[in-house]
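Q: If you read the sequences in order, they're chains A and B. All the letters of the first sequence, read from the start, carry residue numbers 1089 to 1287 under the numbering used here. All the letters of the second sequence, read from the start, carry residue numbers 762 to 848 under the numbering used here.
Hints were generated in silico from the structure; no laboratory data involved. Note that this is a predicted model, so its numbers are computed, not measured. Treat each hint with caution, since some may be false.
To be verified - Restricting the straight-line Cα-Cα distance to at most 25 Å, the calculated cross-link-like pairs of lysine to aspartate or glutamate (DMTMM-like) are:
hint, chain 1, residue 1, chain 2, residue 2
1, A, 1169, B, 809
2, A, 1172, A, 1230
3, A, 1172, A, 1215
4, A, 1172, A, 1159
5, A, 1169, A, 1277
6, A, 1169, A, 1287
7, A, 1169, B, 837
8, A, 1172, B, 809
9, A, 1169, A, 1230
As the list claims (entries may be wrong) - Take a look, some chain A residues computed to stay more than 12 Å from chain B by CB distance:
hint, residue
10, 1135
11, 1144
12, 1212
13, 1214
Where is the CB? At the ideal position from N, CA and C, for every residue including glycine.
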Amino acid sequence: MPQISRGFHGRRSEASSDRLPPGQHLVDDFPVLSAGPTPHTPLAEWTFTIEGGAEPASWTWEEFQALPSEEITTDIHCVTKWSKLDTAWRGVSLDTLLALVEHDADYLLAFCDGGYTTNLPLEHVTDGKAWIAYDYDGEPLEPEHGGPARMLVPHLYFWKSAKWIRGFRLQDEDEPGFWESNGYHILGDPWLEQRYWGD
Amino acid sequence: MAEERRLDGNAIGGVMIELFGVEMTTVPGSCGNCGAHEQMAETDVYLDAPGIVVRCRHCQNVLIRIVRGNGRTWLDLSGLSSLELPL
Ligand SMILES: [Zn+2]
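If we strip away everything but chain A, and leave its shape as in the complex, we get:
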């Protein structure tokens, strides 16, 4: 079906120009960025924990899989200047998780196997803006891409989409995470090119 194929490419290149934030270029592969060794936590030992609410909440892998999940198709933007269009994920919305926890926090600090952290305002992870994703392209998320589960906050630079996530702490204050405490922007909106401190 060459005609369909041509049509598809035409639509895509038209669409991609207004889907590409300033300073970014498109890639077709999925680059791997790592700040340390890839953890391999067995699913039997994996838990997801929300701290800082009225009571701590925790799910085993099986319990987490039983939560309502959503399919997400979205563009992602890495601060190292690559963007990838139409990536396909399955995961649990942070709206679903936060509805199960009584709290009055304004921020979260995500924590991960390997020690990585990243901070996010709750207004940027609620109303359908963030998920804990465990499938990519119809398959279980591979360890090098953050599996068994990673944060997915596609409207911010991808360092906010923490790999190997194990939970987050609800907080009153915006506490800078691993990169945000050493030069990278506290929020990281790619459309405003918020890469570094002072951007």
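Start from chain A and add chain B with the ligand according to the hints.
A: Leaving out everything else, chain B with the ligand in the frame of chain A:
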């Protein structure tokens, strides 16, 4: 995989000369977590993250983080308890 992404301290010799003005790969440093005392060449280095991450080979503690952008360098040495620089 992780092992392919892991380099040693020689990979950032050039960056360290720019920042410190001296050859750093032979400089001994102490890990602030486990106390291991090694030359900078004997560390684990990850270059393909948004910044450069230097880890202790013995306990994986982050020793150094370097972020460079917009004409600036951010340097975090808080994971080291000491660096023994030549006079
Ligand atoms: Zn150590």
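Q: Run every hint past the structure and note whether it holds.
A: Structure-based check of all given hints:
Restraint check for residue 1169/A and residue 809/B: satisfied, since their Cα atoms lie roughly 13 Å apart, inside the 25 Å limit. Of the pairs offered as hints, the one joining residue 1172/A and residue 1230/A holds, with about 17 Å between alpha carbons and a cut-off of 25 Å not exceeded. Proposed proximity of residue 1172/A and residue 1215/A is supported: the alpha carbons are some 23 Å apart, at most 25 Å. For the suggested pair residue 1172/A and residue 1159/A, the alpha carbons sit about 17 Å apart, so the restraint of at most 25 Å is met.
Proximity of residue 1169/A to residue 1277/A is assessed by CA-CA distance (about 13 Å); at most 25 Å being required, the pair is judged to hold. The hinted pair formed by residue 1169/A and residue 1287/A meets the criterion: a straight-line CA distance of about 15 Å does not exceed 25 Å. With a CA separation close to 23 Å, the supplied pair residue 1169/A and residue 837/B stays within the 25 Å bound. For a cut-off of 25 Å, the pair hint linking residue 1172/A to residue 809/B stands: about 17 Å separates their Cα positions.
Only pairs whose Cα atoms come within 25 Å are accepted, and residue 1169/A paired with residue 1230/A is accepted, the gap being roughly 22 Å. A cut-off of 12 Å between C-beta atoms confirms that residue 1135/A is not in contact with chain B; the least separation is 21 Å. A cut-off of 12 Å between C-beta atoms confirms that residue 1144/A is not in contact with chain B; the least separation is 27 Å. Here residue 1212/A stays apart from chain B, with its beta-carbon at least about 19 Å from theirs, past the 12 Å limit.
Every C-beta of chain B lies more than 12 Å from that of residue 1214/A, the closest at about 25 Å, which supports listing it as non-interface.
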